[in-house]
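There are 2 protein chains.
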Amino acid sequence: MTEGAELPGIGLVRQHDLYIDDKNALTLESGVAFGPLNIRYECYGTLNADKSNAVLIVHAFSGDAHAAGYHSSDDRKPGWWDSMIGPGKAFDTDRYFIICSNTLGGCTGTSGPGSINPASGEPYALDFPVITIQDMVETQRILIDHLGIDQLLAIAGGSMGGMQVLEWSIRYPERLRTAIVIASTGRLSAQGIAFNAVGRNAIMSDPHWNGGQYYGKDQIPRQGLSIARMVGHITYLSEESMRVKFGRRLQTRDDFNFDFSDQFQVESYLEYQGDQFVERFDANSYIYLSKAMDYYDFSSRYGTMDSTIDRSTASFLVISYSSDWLFPSYQSKELVYAMMRRGKDVSYTELDSPYGHDAFLLETGRQEIIVSSFLKSAMEGRR
Amino acid sequence: MTEGAELPGIGLVRQHDLYIDDKNALTLESGVAFGPLNIRYECYGTLNADKSNAVLIVHAFSGDAHAAGYHSSDDRKPGWWDSMIGPGKAFDTDRYFIICSNTLGGCTGTSGPGSINPASGEPYALDFPVITIQDMVETQRILIDHLGIDQLLAIAGGSMGGMQVLEWSIRYPERLRTAIVIASTGRLSAQGIAFNAVGRNAIMSDPHWNGGQYYGKDQIPRQGLSIARMVGHITYLSEESMRVKFGRRLQTRDDFNFDFSDQFQVESYLEYQGDQFVERFDANSYIYLSKAMDYYDFSSRYGTMDSTIDRSTASFLVISYSSDWLFPSYQSKELVYAMMRRGKDVSYTELDSPYGHDAFLLETGRQEIIVSSFLKSAMEGRR
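Taken in sequence, the protein lines are chains A and B. Under our numbering, residues -13 to 369 are what the first sequence spells out, in order. Under our numbering, residues -13 to 369 are what the second sequence spells out, in order.
Derived by calculation from the structure, the hints in this document are not laboratory data. Do not take every clue at face value.
The list cannot tell twin chains apart, which means a pair is met if one copy fits it or any two copies do.
Stated by the list, open to error - Below are the SDA-like pairs computed for lysine to any residue, each with C-alpha atoms no more than 20 Å apart in a straight line:
#, residue 1, residue 2
1, K37, P73
2, K231, W311
3, K63, L(-7)
4, K203, P193
5, K319, R234
6, K319, E226
7, K231, D283
8, K319, R229
9, K9, T32
10, K319, T299
11, K231, E336
This is chain A alone, in the form it adopts within the complex:
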C-alpha cells in the first residue's frame, strides 16, 4: 500500500533510531556518564531549506515517540496527539517539520531500565541510573543536534512534557524561539508527589517486581503497575467528568447482589485501564519517570524563580485547564506571573473544561485554535 493512502490525517509514519555507541554518550545531572544511548523518534512533514520550521513535541508520562499517524494500515489508533498533528492541524505538517522522541528512561525505544546494560548483557533494571527532567532534555538536544537544527521554531508539550519545555527554555534558550507549555507545572505539589509515591509503592510491593528483576521472567509486577495506573487515572480525570461518564451506575446489573462481584462502572473502567497499561508500559519506567517528575523544580533551577526565568528568551504560550487538579491552573499562573514580571513575551489561556488533566489530550478543538495561531505568528516572525 502506498504510504499514507486511505489512512486519515498524516497517514503512515515510520520510527527512527539514533544509536550512539559511546560509553559517554550522555552526562547525566547526577554526574554519571551514560552510554550507549538509543533515541527512538519520529518525524512528520518536511524540514525547510533554512531549517526554520522545526517543532519538537515532548510527550507526557505514558506517551511515546509515536505522536501522530499510523505505523501500519492495521493500526486501530493513530499516535497519541494525532488530533493536533497533521495536514491543516495545529502542528500543521504542511508547514512545520515535527519531531517527537521517546523520553530517556521510557520503555518504547529510547534507553531505559528495560534496555540492555552492556556491562552485563542483561536489562539494566535498577542499575539504570536515576534520571531527571534535565537529562530528558539533554537527550532531546542530542537528537536535535543530530538532525542539524540550530534553532527550533517551537517546543511543545503537555504535563511531564511541559516540564521539559520549561527546562529547554532556560537550559538552551538559544535553541528555541517559542515554548508551548500545556496542562503542566514548574514543580509537582506535595499532593502530586504523594500520588506518585503511592504508584511506586504499589509496584515495589508486588512480589513479582522482585527488586526490578523481572525482565524475561514468567511473572511481571502486573498488579502493582495496574494499581499505580488506576491511581494515575483518577488524578487525570476530574470529579465532574467521572460523574458524567460513570455516575454511580453498576457495571452488569441494576441492583446490588450483596457480594463482591457487584462493581460500579467506574471500578470496571479503572481496572480495565490498569490491565491495558500493563501491556504497553514497563513498571521500572514508571518508577524512574515518576521520580524524575518529583525531582523537578523549575523555580530553583538557577537560584530563584526570577533568575531562572531571566535566562529564557523564548516567547511562551501557557495553557491550563480549569478542572485539572493534578496540574492546577494556579501553578500555571505562578509561572505566567513570574514571566510577566521579568518582561517575557507570554500568552496564557485557562480553558474551561470538565475533563481534568486529560483535557490536553481531549479538548483539541479550542487548544488547536490557540496553538495554531501562536505557531503561525511565530513562523511569520511576529514572535
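Starting from the known structure of chain A, arrange chain B on it as the hints suggest.
Chain B in isolation, oriented as in the chain A frame:
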C-alpha cells in the same frame, strides 16, 4: 489509680460488650440472618431520669467505639473525638449521656470479618456477609433498645458516620430528635468509589491477603492495606494542607542523592501512616466497610430524594468543610437544599478550613461552638 484522676477531659473510660447469642440477632439488608452478634460500645456521662439526654456518636471509616477518654493511664492518646466529647465540651458529658459503638463489619470489638464464625470455629473472613450502612444503623438500633432509650436527643457523625446519621433519620425517625451530619454525603461520588476501589484492589492484590484467609497466619496483607491507607490519607488532606505541612522538602537531606533512597517528607509521612494503620486495622474490614460506603445512596432510599427526606422528623445540623474534596460541600448543600425544599428544620454551615476532609477531626474550635449551641437548643426544647 482512681478513675479519671490526673487524666485530662473525661479521664478513664471502659468498654462494654452487648453479646446477642442468637443466630437471627440481625436481619441484614441482603435478607441474610446474622448472629451471634457482638456490639462493642462505650458510654460517657449519665443518662438522666427521663432518658432524654442520650446522644449517639457514630464513628467514621477507621474509627472505633473509643470516642473519648483513656482506657488506661498509660494511653498516649485519648479516644478519636476527645476534643469534642467531655465535661464542658460540645458533647458535654456533664449534660449528655454519650454512646459510641464500633461499627458492624469493623475490627475493634463489634462483629466483623475477623470474628469467629460459629459454623466453622474459624474467623469469617469473606464468609462474613456483605453489609450496608443500613445494617450498621440496625446494629446501633439494637444497642439503643438494649439501653432502654426510646428517643435519642441527637445522633452525630462525620464522614461514614454522617451517612449512618442520615439513614437513622429516615429509618427510625421517631428515635431521634436531632441529626448532626458533618463532612459527609448522602452518596459517594464516582471519584470516591474509584479511590475505594483502588484500596480494595491493593489489598486483594497482596498475595498475603490469600482470598481473605490470613487470620492467625505469619503473614498478613500489610503492603496492600498500607497502600490503601496511603491513598485514603491523600484524600483526607487538602492539597493546601499538604503543601503547608510538607511542601517539597526532603526527609533526610537537603539535596538529591540521585537514588531511590531520596524521599520527600510527604512520602515518608504517608508510608508511616500506612504502616501504623496496619497495626490497628483489619484488611477485610477495609473491604467490607468501603463497599458499604460505595453502596449507600440516601437519595434513593425511599424512591426519590424528596420522598426519602419526607420520612424524617429530626432537626438537622449539617456542617461541611471548604477544602474537603472527598465529601465536598456541594454534596452537603444538595442535602440541605432538599431538606429546606421539604420544609425540614435544618441548620447548615460551611466552615472555611485548609485541612480537607480531616477537618472534622481537627477543626474542633468552631465546630465545637456550632455543635454545642445546636445541642443546647435541642436539650432546652427549642428544636
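Each hint, compared with the structure:
1. K37 to P73: Within one copy only: 19 Å inside, 79 Å across.
2. K231 to W311: both (18 Å within a copy, 19 Å between copies)
3. K63 to L(-7): within (11 Å within a copy, 67 Å between copies)
4. K203 to P193: both (13 Å within a copy, 18 Å between copies)
5. K319 to R234: between (34 Å within a copy, 19 Å between copies)
6. K319 to E226: between (23 Å within a copy, 16 Å between copies)
7. K231 to D283: Between copies only: 18 Å across chains, 34 Å inside a chain, cut-off 20 Å.
8. K319 to R229: between (27 Å within a copy, 17 Å between copies)
9. K9 to T32: neither (32 Å within a copy, 79 Å between copies)
10. K319 to T299: Only inside one copy: K319 and T299 sit 19 Å apart there, 49 Å across copies, limit 20 Å.
11. K231 to E336: Neither, since 23 Å and 28 Å both go past 20 Å.
Consistency with the previously given hints fails for numbers 9, 11, ordered from lowest to highest.
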